[in-house]
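A.B. asks: Position chain H relative to chain C; hints supplied.
Chains as they are written, first to last, in this note's numbering: chain C, 27 to 141; chain H, 4 to 117.
Please note that a few of the clues may not be correct.
What the hints assert, rightly or not - Distance condition first, Cα-Cα at most 20 Å in a straight line; then the derived EDC-like pairs of lysine to aspartate or glutamate: (1) C:K75 <-> H:E105; (2) H:K110 <-> C:E90; (3) C:K50 <-> C:E90; (4) H:K10 <-> H:D29; (5) H:K66 <-> H:D90; (6) H:K23 <-> H:E54.
Hints in this document: simulated from the structure, not taken from any laboratory.
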Amino acid sequence: AQSVTQPDARVTVSEGASLQLRCKYSYSATPYLFWYVQYPRQGLQLLLKYYSGDPVVQGVNSFEAEFSKSNSSFHLQKASVHWSDSAVYFCALSMATGGNNKLTFGQGTVLSVIP
Amino acid sequence: SVLLYQKPNRDICQSGTSLKIQCVADSQVVSMFWYQQFQEQSLMLMATANEGSEATYESGFTKDKFPISRPNLTFSTLTVNNARPGDSSIYFCSSSTGTSTEVFFGKGTRLTVV
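Chain C on its own, in the form it takes in the complex (with noise of 0.2 Å):
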């Protein structure tokens, strides 16, 4: 069966600071993995997505994650986050292509951008 995994239940920051926040999966092949973004009683955006091909996929607002097959990770990263980017955000996982993408999701890491 398949996993998704983020370590970090919350990460705190400074303003103008660099982010990481990991995301290891298990799964037999290589996944259709996403990173979502959840503000405060809000639905949920796509950040990025990695199909396949460059490891390093860039994303909106600056977002990008980097693919590691070798490590089963998919860390999302930011050089300087904004307060703005204070929100939750969850790694996912689709094995299924063809209008039938169940998605498995970490836990969730609770990102405080400090002004």
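C.D. replies: Relative to chain C, chain H alone:
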């Protein structure tokens, strides 16, 4: 992309009553998924709904408690039967296009059972 509209945005219901949550897609989609999110927790897949067939439920979710209808390729309804305070959570519908791996979400329905 797919836009998913959920109704209602939020609701409060009495214990023992039932509540319907609607999800409408702006284009035809093969599968619709329903997720449950308790406050400050992750999203759990409840069920997969395809047109013309019974929904497939994940472990811990049953059709008696959470019946799902999928009458056509743009619409699905999740019902919460015999609601209890423990059902208080946010319910999301989700889908993707036929050829894409990208997954889209509705804005969620926040349910409070009192």
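A.B. asks: Take the hints in turn and mark each one as holding or not.
C.D. replies: Verification of the supplied hints:
1. About 8 Å separates the Cα atoms of C:K75 and H:E105, which keeps this hinted pair within 20 Å; it holds.
2. A threshold of 20 Å between alpha carbons decides the hint, and for H:K110 with C:E90 the separation of about 24 Å lies outside it, so the pair is violated.
3. Taking the CA atoms of C:K50 and C:E90, the gap is near 16 Å; set against the 20 Å cutoff, the hint holds.
4. A C-alpha spacing of about 14 Å is found between H:K10 and H:D29, which places the hinted pair at or below 20 Å, so the restraint holds.
5. Between the alpha carbons of H:K66 and H:D90 the distance comes to roughly 15 Å, so the proposed pair stays at or under 20 Å and holds.
6. As the CA atoms of H:K23 and H:E54 are separated by approximately 18 Å, the hinted pair is consistent with the 20 Å bound.
In summary, the one numbered hint that this structure violates is 2.
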